[in-house]
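K.L.:
Numbering (full-length UniProt numbering), first residue to last: 1 to 379.
Just so you know, the hints here were simulated from the structure itself, not pulled from any lab data.
Bear in mind that the values here come from a model prediction, so they are computed numbers and not experimental data.
Misleading hints may appear alongside valid ones.
[To be verified] Pairs of lysine-lysine residues, derived as BS3-like cross-links and limited to a Cα-Cα distance of at most 27 Å, are as follows: (1) K376 - K285; (2) K103 - K235; (3) K376 - K365; (4) K300 - K339; (5) K233 - K339; (6) K235 - K159; (7) K300 - K235; (8) K103 - K233; (9) K159 - K103.
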Amino acid sequence: MLIFLYDLVTVYIIPGMMLAFGICLLFLSIPDKEGLKNYVFARKVMGVTFLVYCVALICEAVTREPLVGDLLNSMIVIAIGITQAFLFTYSLIALLDIGFFTKATACRETLVIAITTVAAFALFFLCPQSSRALIFYGFSLWYMLLMARYVALFRRYYKRYLQLMDNYFSDDERQRLHWVPVAFYSAFGVGVIALLFALLITPFTQLLFMLVTTVYYSVFAIRFINYVDIFPKIKEPLRDTVCEATEPVEVPTDPSSDMMIVPTDDDLLLMQEIERLMQEQALFKATDLSIANLAALCGKSHRVVSMAINHCQGVNFKTYINEYRVAEAARLIETGWLKHHTLDALALETGFAGRVNLYRAFKRKMGVSPTDWEAKART
Numbered sequence: 001m002l003i004f005l006y007d008l009v010t011v012y013i014i015p016g017m018m019l020a021f022g023i024c025l026l027f028l029s030i031p032d033k034e035g036l037k038n039y040v041f042a043r044k045v046m047g048v049t050f051l052v053y054c055v056a057l058i059c060e061a062v063t064r065e066p067l068v069g070d071l072l073n074s075m076i077v078i079a080i081g082i083t084q085a086f087l088f089t090y091s092l093i094a095l096l097d098i099g100f101f102t103k104a105t106a107c108r109e110t111l112v113i114a115i116t117t118v119a120a121f122a123l124f125f126l127c128p129q130s131s132r133a134l135i136f137y138g139f140s141l142w143y144m145l146l147m148a149r150y151v152a153l154f155r156r157y158y159k160r161y162l163q164l165m166d167n168y169f170s171d172d173e174r175q176r177l178h179w180v181p182v183a184f185y186s187a188f189g190v191g192v193i194a195l196l197f198a199l200l201i202t203p204f205t206q207l208l209f210m211l212v213t214t215v216y217y218s219v220f221a222i223r224f225i226n227y228v229d230i231f232p233k234i235k236e237p238l239r240d241t242v243c244e245a246t247e248p249v250e251v252p253t254d255p256s257s258d259m260m261i262v263p264t265d266d267d268l269l270l271m272q273e274i275e276r277l278m279q280e281q282a283l284f285k286a287t288d289l290s291i292a293n294l295a296a297l298c299g300k301s302h303r304v305v306s307m308a309i310n311h312c313q314g315v316n317f318k319t320y321i322n323e324y325r326v327a328e329a330a331r332l333i334e335t336g337w338l339k340h341h342t343l344d345a346l347a348l349e350t351g352f353a354g355r356v357n358l359y360r361a362f363k364r365k366m367g368v369s370p371t372d373w374e375a376k377a378r379t
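Take these sequences, add in the hints, and give me the full structure.
P.N.:
Next up, the structure:
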C-alpha cells in the first residue's frame, strides 16, 4: 500500500502539479513589467525551479531509484536544500524590495553556492570511505550557516519594508504582504525538515517530505503569482527603495533622542501647514489616508512631507496620524460617547481600520485601554 501510494504521488500527482505551476510562473501575463522587472526575473527563476523539480521527479520515477540509502543521496538532499533556500529567500525579498533581485546579485550568490557545492562533492568522492561522513556533516553545517544568513538578510529587508509602509500609509496597508514572512519562515521550516530527512532517508520519510514540500510549493506558487494584484496598491512606497541611494535611517521614536535631526526652516513651515490641515479638515478621520494624499494638499512630494514629519515630530507618518486619532478618541470618550456607541463605531469615527487597531494605538499612547480611559473619565 505504501509503495502504491508512493508511486501515485511521485509519478503522477506531484510532477503534474509542479509542471502546471512552473508553466504558470513562466507564461502568465504580468502587467506593469517595467515597474516589476526584478519580480519578472525572480518569477522566471522560480518557474525554472518548479520545472527542474518536475523533471527530477520524473527521472526518479523512470529509473526507479528513489533517494534511499547512502551518504551520497544525503549529500544530494543538502545540495537541493541549499539551492532552494537561496531561490526562495531571494525571490521573497524581491517582493519587499523591487530593486533587490538583480541578475548580478543572482549570479554572485549562484557562483558562491556552485563553488562550495562542487568542492563538497569533489572532497566527498576523493576522500576515503571512512571520512565521507565528516564531509557530509561539514556540508550540512554549511547549509545551516547559509540558512542563518538568509534569515538575517530577510529580517533586515522585512524591517525596512515595514518602515516604508508605516511612513506612507496611516493604517494596516503594510499587512498586504504579511504572507511573505509566513512563506519565508515556512520555507525555513521545510529546510529544517530537509536537513532531518537527509539524516534519515527511508521510503516513508521521503513520501512524508515530498507531501510537505508539495503543499508548500503549491501555496507559494499561487501567492507569488497573485503578487501582481497586490503590487499596484503598494508600488509607490516600494519604489522609494529604488530612488534611495542608501538604506533608510530608522526614525527615532523619542523626540528627546540625540539621534533627532534638526528640522530646517522649510520643514517647520511645511509642518505648520500639515498641522493646519489636520486641525481644520480632520484628515486623520479618513481610514485610507496616505502620505500621498497629504502631499497633494500641501503641493509637495510625499518624500518631502515624510521628511518634514520625521524631522519635526521624530515619528513616522503612521504614528503621527495615529496620535491625532487617539487624541480624538480620548476626547470623544471623555464626553461620554461610548455610552451610546461601540468601540467599533469609535474606531470608524476616528479613522482607525478596526477596534483592534484603535485599542493597540490607544494603549501605546495613553498607557491604558479605551474602556479604562472611560472609567477614569467618570471618576
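K.L.:
All the hints need checking, so say for each whether the structure fits it.
P.N.:
Hint check results:
no., hint, verdict
1, K376 - K285, "holds (25 Å)"
2, K103 - K235, "holds (21 Å)"
3, K376 - K365, "holds (16 Å)"
4, K300 - K339, "violated (42 Å)"
5, K233 - K339, "violated (37 Å)"
6, K235 - K159, "holds (17 Å)"
7, K300 - K235, "holds (19 Å)"
8, K103 - K233, "holds (26 Å)"
9, K159 - K103, "holds (24 Å)"
Going down the numbered hints, you'll see the structure goes against 4 and 5, while the others check out.
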